[in-house]
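Participant: Chain by chain, the residues run as shown.
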Amino acid sequence: MQVLSGVLCPFCGCCCDDIEVVIKDNTIIDVRNACALGASKFMGYSVHRNTKPLIRKNGELVETTLDEAIRRCAEILAEASYPLLYGWSNTSCEATKVGLELAEEVGGVIDNTTTVCHGPAILAIQDVGIPSCTLGQIRHRADLVIYWGCNPWCAHPRHLERYTSLSEGRFQRAAWKRYLSRLILESARKRRYRAAGRVIKGGAAALPAEEEKRWMLPPPEERKLVVVDVQRTRTADLADIFIRVEPGGDYDVLQALRALIRDEELDVDSVAGVPVEKLEELADIMVNCRFGILFFGLGLTMSVGKSRNVEAAIKLTRDLNMYTKFLIMPMRGHFNVTGANIVSTWQTGYPYAVDFSHGYPRYNPGETSAIDILSRGDADAALVVASDPVSSFPRRAVEHLAKIPFAVIDPCLTPTALMADVVIPSAFVGIEAEGTAYRMDHVPLPLKKVVEPPEGILSDEEILRRILREVRRIKGKSQARKN
Amino acid sequence: MVSMEFILITGRTIEQGKFKEHAKTTEKYKGNVAICEMHADDMYRLGVKDGDNVKVTTELGSVVVKVRKSKRIRTPGMVFIPFGPWVNSILPSETEGSGMPHLKGFKVKIEPTSEPVPDIKDLLLKTYGVKK
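Chains as they are written, first to last, in the numbering used here: chain A, 1 to 483; chain B, 1001 to 1132.
Honestly, the hints are just simulated from the structure, not real lab data.
Cβ coordinates follow ideal geometry from the N, Cα and C atoms, glycine included.
There may be inaccurate statements among the hints.
[Said to hold, decoys possible] So the derived label-pair ranges between C-beta atoms look like this:
| hint | chain 1 | residue 1 | chain 2 | residue 2 | range |
| --- | --- | --- | --- | --- | --- |
| 1 | A | Y323 | B | G1061 | 47 to 55 Å |
| 2 | A | R198 | B | R1045 | 46 to 54 Å |
| 3 | A | R376 | B | G1061 | 15 to 23 Å |
| 4 | B | D1122 | A | S81 | 28 to 36 Å |
| 5 | B | D1052 | A | E455 | 43 to 51 Å |
[Stated by the list, open to error] Below, computed lysine-lysine pairings styled on PhoX-like, alpha-carbon distance capped at 25 Å:
| hint | chain 1 | residue 1 | chain 2 | residue 2 |
| --- | --- | --- | --- | --- |
| 6 | A | K403 | B | K1126 |
| 7 | A | K52 | B | K1121 |
| 8 | B | K1071 | A | K57 |
| 9 | A | K403 | B | K1049 |
| 10 | B | K1121 | A | K57 |
| 11 | A | K278 | B | K1071 |
| 12 | B | K1121 | A | K403 |
| 13 | B | K1071 | A | K190 |
| 14 | B | K1028 | B | K1049 |
All chains, full assembly: derive it from the sequences and hints.
Facilitator: Encoded structure:
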């Protein structure tokens, strides 16, 4: 039995690097320090594994050899006039680098999952910039933490524990005890509420609204947690202040806060369902903090307004810097989506939706982004690497993907793989293959190989190199025929 | 049959996250993703109980999912479905020139149904057909 420490978790953008993995006979038998999401990946990665290359014949996926799968994948890409190469956020930076070379070689579009998560955030950042920092700074110094339109309790479970309110910083104390006692009180209150609902005429609905009583502010010197969301998420249960915004009302609330911190009066009673007094109180807290951080999630990027919501949040942060230190950071989802953006930017100048069809990189989200290319029916082939667009793309985009020939490189048989023409199994990056990943605050970290992959299974990087070689061979042959 | 209009919010849940990377074809993933969380008052008005099936419809089509009483939604009129192939099969693709489709906060119609919740393979077959 061997215990490997300092393993990086290949799940979410937190990239926790304190994971301990217990290995026996090349099998992971236990994992320590990981959250439910990371632990489920480390412990379950081999259960639903695909180890056979598959190819579609007469409508059925049938087993084939790796060489044949790679050759067919290369043919699909080499014969296409506008292929889409999509995914990249669940693999290493090294694989993305080869993917970019492949996209240039086949004259296609390369897009990563940013396009359906923080794409609008990137557009806003390109418009107005971003005042940001590393998560270490936040852990040690932030005395006001705001989560806006994100739910780290579910999507980044250790974010609070490692980087914000529940972490013990050099200059800020962890707020574990406060939150724990609040959860106990809250749970007791809920029990009383349910009991009262059974005996009072009119049931629980006749009792006063629950959210009205939740302004239990800690002493000024202590770290505060604010959650702004459309529903009372599990993260909101921990918050000192929870503000419920009507769906689609984030832009209004952000702009109202900008007005309030400039001491302007609002001549309305509420903004997007939030009473102005509550916003005034929040504006006061923001202005009076010493180091504030606003984390935002898909609640801003996927709701009406999209990049304009994020732009308003960044401008609010910029305005707050007239009074105090305030920073902002997107809560990136996949463990290496930041890496996909970074590699793409250093290779092409653009972070996602890069079009090589003109022979040089072109970038115009809305035109060269995956959803638009598929919905318009422009792509005539695709390669999906470490992603599952059939599960994450809306209907029209998937309908077109289902019509065109495409290949999938993935360790599992995902819904996308079930609809593919070629399926090439790969090693799990961060478990069976090493590489580099970028944490959500743009810090590069090494991914470890903790167990050997099944026999014959290559890393994404190696598979892509072989596809690239094959594409060049096919293109060389067709060029020779033309000459 | 009662049919009501709601604002649909999609998003992550920890249960969905546990299976989303390596176990999407399992029953556990379906049980945690092919669900619609709803306010108790809305369930009463719609005449459905926890675990009943409902049909969620947009202009693009409809999908059958199970109702779950929400502990998180505090105002009637809003429903929540976790990210996944079930909800995505009825979501619009228009990005309004931004590259990002509108995936949160739009109107859906919901009605009770006796149709079963499709498993992942049936859903793909029904929605996107058989690949030749």
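Participant: Against each hint, give a clear statement of whether it holds in the structure.
Facilitator: Status of each hint after checking the structure:
For Y323 of chain A and G1061 of chain B, the hinted distance range of 47 to 55 Å is satisfied, since their beta carbons lie about 50 Å from each other. For R198 of chain A and R1045 of chain B, the Cβ-Cβ distance of about 21 Å falls outside the hinted range of 46 to 54 Å, so the restraint is violated. Taking the beta carbon of each, R376 of chain A and G1061 of chain B are about 20 Å apart, inside 15 to 23 Å as hinted. Distance hint check: the CB atoms of D1122 of chain B and S81 of chain A are about 34 Å apart, consistent with the given range 28 to 36 Å.
Roughly 48 Å separates the CB atoms of D1052 of chain B and E455 of chain A, a value that falls within the hinted 43 to 51 Å. A hinted pair counts as satisfied when its Cα atoms are at most 25 Å apart, and K403 of chain A with K1126 of chain B qualifies at roughly 14 Å. Between the alpha carbons of K52 of chain A and K1121 of chain B the distance comes to roughly 19 Å, so the proposed pair stays at or under 25 Å and holds. Between K1071 of chain B and K57 of chain A the alpha-carbon distance is near 48 Å, which puts this suggested pair outside the 25 Å criterion.
Taken as a hint, the K403 of chain A and K1049 of chain B pair is broken in the structure, with Cα atoms around 39 Å apart against an allowance of 25 Å. Simply put, K1121 of chain B and K57 of chain A have alpha-carbon atoms about 18 Å apart, close enough for the 25 Å limit, and the pair holds. This hinted pair checks out: K278 of chain A and K1071 of chain B have alpha carbons roughly 24 Å apart, not beyond 25 Å. Between the alpha carbons of K1121 of chain B and K403 of chain A the distance comes to roughly 17 Å, so the proposed pair stays at or under 25 Å and holds.
At most 25 Å may separate the alpha-carbon atoms for a hinted pair to count; K1071 of chain B and K190 of chain A meet this at roughly 11 Å. A threshold of 25 Å between alpha carbons decides the hint, and for K1028 of chain B with K1049 of chain B the separation of about 21 Å falls inside it, so the pair holds.
In terms of the numbered hints stated before, the structure departs from hints 2, 8, 9, listed from lowest to highest.
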